[in-house]
Amino acid sequence: MLEIKNLHVKLEEEDKQILKGVDLTVEAGKVHAIMGPNGSGKSTLSYVLSGRDGYEVTEGSATLDGEDLLEMEPEERAAAGVFLAFQYPVEIPGVGNMTFLRTAVNAQRKARGEDELSAADFLKLVRAKAKSLKIDADMLKRPVNVGFSGGEKKRNEILQMAMLEPKMCILDETDSGLDVDAMKLVAEGVNALRDEGRGFLVITHYQRLLDHIKPDVVHIMADGRIVKTGGPDLALEVENNGYSDILAEVN
Amino acid sequence: MALPEVKQTATEARLATLTMPDAGCTRAAREDALARVLEMGLPGRRDEYWKYTRPDSLVVPDATPAAVFADDESLVFSEFDRLKIVFVDGVFNADESDDLSMEGVSIDRLEDICCKDIHWAKDLYGVLEARGQTPVQRPLAALNTAFASDGVAIHVTGKPSKPINLIYRHASATSDAILHHVIRVESDAEATILETGPAASRFNKCMEIDIADNGTLHHVRAQGRDHERRAATHMFTRLGQESTYKSFTLTVNGVLTRNEQVIELTGDDAVAHVAGACVGDGDFHHDDTVFVTHDAVNCESRQVFKKVLRNGATGVFQGKILVKEGAQKTDGYQISQSLLLDDDSQFLAKPELEIYADDVACSHGSTSGAIDETALFYLRSRGVPVKDATNMLTLAFLAEAVDEIEDEALAEAIVTRLEGWLSRHS
Amino acid sequence: MAALDQTQVKEGVDQETVDAVREVGTYKYGWDTDIEMEYAPKGVNPDIVRLISEKNEEPEWMTEWRLAAFERWTQKEEPKWAMVHYPPIDFQDQYYYARPKSMEEKPKSLDEVDPKLLATYEKLGIPLKEQMILAGVEGAEDAPAEGRKVAVDAVFDSVSVGTTFQAELKKAGVIFCSISEAIKEHPELVKKYLGSVVPVSDNYYATLNSAVFSDGSFVYIPPGVRCPMELSTYFRINAENTGQFERTLIIADKGSYVSYLEGCTAPQRDTAQLHAAVVEIIVEEDAEVKYSTVQNWFPGDENGKGGIYNFVTKRADCRGDRSKVMWTQVETGSAVTWKYPSCILRGDESQGEFYSIAITNNYQQADTGTKMVHLGKNTKSRIVSKGISAGKAQNTYRGLVSMHPKAKDSRNYTQCDSLLIGDKCGAHTVPYIEVRNNSSRVEHEATTSKVDDDQLFYCRQRGMDEEEAVALVVNGFCKDVLQALPMEFAMEAQQLVAISLEGSVG
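Protein chains in written order, with this note's numbering: chain A, 712 to 962; chain B, 832 to 1257; chain C, 662 to 1167.
Possibly wrong hints are sitting among the right ones.
Claimed, not checked - If we take Cβ atoms under 8 Å as the criterion, some of the chain A residues that face chain B in the derived model are: (1) Val768; (2) Gly771; (3) Thr774; (4) Gly777; (5) Leu781; (6) Glu784; (7) Gln798; (8) Val801; (9) Val806; (10) Ala822; (11) Gly824; (12) Glu825.
Because the hints were derived from the structure by calculation, they are not lab data.
Virtual Cβ for every residue (Gly too), placed ideally from N, Cα, C.
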């Protein structure tokens, strides 16, 4: 489904190469995890896939079901089914969470040629999904992410994911800043969305999130490349021995 | 001291085009005001208070013609149950207006007052305007007091069941209107005044508002969409003990708008909030000039002004909080922000604090910048097209000002108006 | 006592401050030096201008420059926009030139300087000896053992009495001397830069200064040189009825760095005295200048009698790309202060910073702030202003932030805080913000409040008297600015904060 080939990316402003030839294929229904030390390029990959400014692709390709993602605007990628759960969800004062969600849902429906959801249907849907993520009505009324705790922000990301029903979910360090209970709640939300037609790319520094979201494939990323790929055991190896052993072995 | 020659000449030229109406009980006030104009002279380009706005077109003898825009802002509140008082090019129109009688309020035309010797409005007409001339001169307001040709006196004695809507229709491309209203809100009384429409090609409006102890006045204004219009408005408000004044202004288009609010908190525990949202495109110049004086204990004032500017539009904010000696426990807040949607637009601000009491919490903030790129990307990553995302963030930017409108339905009408502007202009 | 437990003394107030605060006294520098002086006749006119030029043995071009300035001055009016009020100044009832008789023949070295003058500076804590650190600054003994060198130019009324470390600086290529000396020795530099940042007719006081400046300091740092020590000028007004008009010119050539300190004091006198200085700084590509001032002119007595009228024009021109200037000022003295150290950010990526503490007590009035004029792309400025007003004083921050259309992607952040002590004083904020492009971001924040009662109570419960407590809390309020000062000055400034507020409570 998601196919990344020989992806090279540098920062637009500086002459600094971040990704140096990433190859990765995520099949529908599978959960892939990318692990790696800080600065290895994990977050850059997520931003490049979702179309954030500031990066320049110098070589390679990224497609979703054969469609060239790199040519699309961020909202077109979203409509095509790419969802990024941000490591640092953005606060938007003045925009109600509910308005935000409804605008996003309907924009995507419109882009796909579907009818917009009526206010009543939308409300019913959002309430049901929010309930399962333990997001209370008050949080929905507040401005997007403003004054939310770390856990609330991440749950809000998962709520958006649940509402938008993307094909390809990218979770960027979703576990950062979460305590165990909050992480469980988030993981449950993600697991509930696991589906034959949906792929996941879970970016994380630590193994602990993978206790709750079981990956099918684990990749280790270092210095802008995927240096090792294996099964769930690979994550445990990192947990026990750290990155240095693996990196030494690769080198 | 003699006026500079340029100013003297300009003032004389303007005065030559005006005649004082038969003034009855307002005559003394009008003559005093004329004396003030002669002493101060009309605003000139070199006056510090007009540093960022060129007053020339507001001062010249004849108004610059302005095209009449059919679907004007006077319709903003047409869905609401309200008492309509209609002025066409600054002249009261009885046919379009409702019957002026309503429980809890008495409304008289300025013309009717002027033929009486005794009227409650005599003690208010020109009084707050005169007080508002220090420490900063406002000659256009004095000119208004002297020569206003129409207007109403609204005496709020109870709690009228619906808002009073002053509707200003613009019909002639060469109209030049001077309106003066006086409003007195008695103790424990409460009313909502709506003002809508462009009024005239050139509009000079003065409103004096006296709110007695425990009185409340809500004011919501939507200035017209006629792009070529020019306006200078002054609102002078005096607040008694525990009284409340809340004012919001929406300005959409207009080549030149100068809105002055002069607020005096004279009774303890009074509350005054003034807010404004303006959206402008092209040769749009919008100036909010606010002067809040705290002269009593434990009062609260808020100034919230937001401006969205594009295609070379200019936004000006001059705001001041003056806390007089003894006005302890003052809570004064002021924020002025602009969102510049392109590189040609500009924001010019002078947010001032002048404080002579120590037990106060006063603050102001002012920012200017482009749309937040991070927020824009976040919205786009959720599938919202860039145009919609920009409009959404623009509305969010304006929200803090619109939120100052207490009545949710009125606020909703304003938001609808803003959405309309955004969809037309993006 | 729950409230007590929750109360925190402002972060950053340390034991040193507490100790310093305990030693507060009144204006320490109010004594005068009994020394035979030579005066030019009272008043100002072309003859006086020529006389000053002659006394300084200036070349013709300099005399002409001054006379042209004088001509402009006679056509100008005193500015009235500042929030300061004082009786009209009779500009003809002042001496414009006063120098110690012993300075008639310029001493060739410091050893030849009149011992009375040396003693004056010794007493001020600024000995004109080439030693490691500014002795006499309390707390200096806590300085790192290796110490730091500070070169001093000492200006006494109208003349510079001596400059230390000149030889050592010369080795590094740095020129540090009095401006009168520079006019004679380095005319090409003076001609090129004098009046290039503050034009002759910039404002009333700068124009007067251009006509009658008698001395001041000159600094030139050659390309790529990091000035090996701090440079400083110490201004002392001693004579009565005499104005001091000094001129400072600092040129930081490409890639150079210098930190410059300025200190000022004057005797306690009943009549007000005029001080109108001009400071010009030129910062070329990649160069950096730090300019710190502790201004402690006599503020007048508790009834508002006497004191210095301080009308100063200071401006830095960041001409080169990536140039940087930082103004730090602690303004505690003067009866009237009118001063706006400014930055013209002309070079791309140039940076300007302004850190200010202005304290006014009794009848003092200060109207001070800065202008940040952004002309180049990617320029940055930061303004942190702390105003403290006590007694019957008036304290105004006045500032301008201007983003020109071409100053793309520039930033400004301004924080202006005012603190009021007592209900008879005033604190005012008058910022002008002009943004003419949309890629630049400007943020301005200002607050006004009184000294926090909980903090005061907490301090007093711990045994401090009210004045100590106020000084301590105020020092905490000023911490952001104090930290920007070189260490020697920071300690002096902390004490000054305390001293200046004496008598403001109770």
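For each hint, the structure was consulted:
1. Here the hint on Val768(A) is broken, as its CB sits about 17 Å from the closest CB of chain B, past 8 Å.
2. With a least beta-carbon distance of about 21 Å to chain B, the hint placing Gly771(A) at the interface is violated under the 8 Å criterion.
3. Taking 8 Å as the C-beta cut-off, the interface hint given for Thr774(A) is violated, the closest approach to chain B being about 18 Å.
4. About 20 Å separates the beta-carbon of Gly777(A) from the nearest beta-carbon of chain B, more than 8 Å, and the hint is not met.
5. The beta carbon of Leu781(A) is not positioned within 8 Å of any beta carbon in chain B (closest approach about 15 Å), and the interface hint is therefore violated.
6. For Glu784(A), the shortest C-beta to C-beta distance to chain B is roughly 7 Å, which falls under 8 Å, so the interface hint holds.
7. The restraint placing Gln798(A) at the interface with chain B is violated, with a minimum CB-CB distance near 12 Å, outside the 8 Å limit.
8. Interface hint status for Val801(A): upheld, as the beta-carbon distance to the closest one in chain B is roughly 4 Å, under 8 Å.
9. Here the hint on Val806(A) is kept, as its CB sits about 4 Å from the closest CB of chain B, short of 8 Å.
10. With 8 Å as the threshold, the beta carbon of Ala822(A) comes within range of chain B, its nearest partner Cβ sitting at about 7 Å, so the hint holds.
11. With its C-beta approaching chain B no nearer than about 14 Å, Gly824(A) sits outside the 8 Å limit, and its interface hint is violated.
12. With a cut of 8 Å, the hint placing Glu825(A) at the interface with chain B is violated, because the nearest CB-to-CB distance is about 12 Å.
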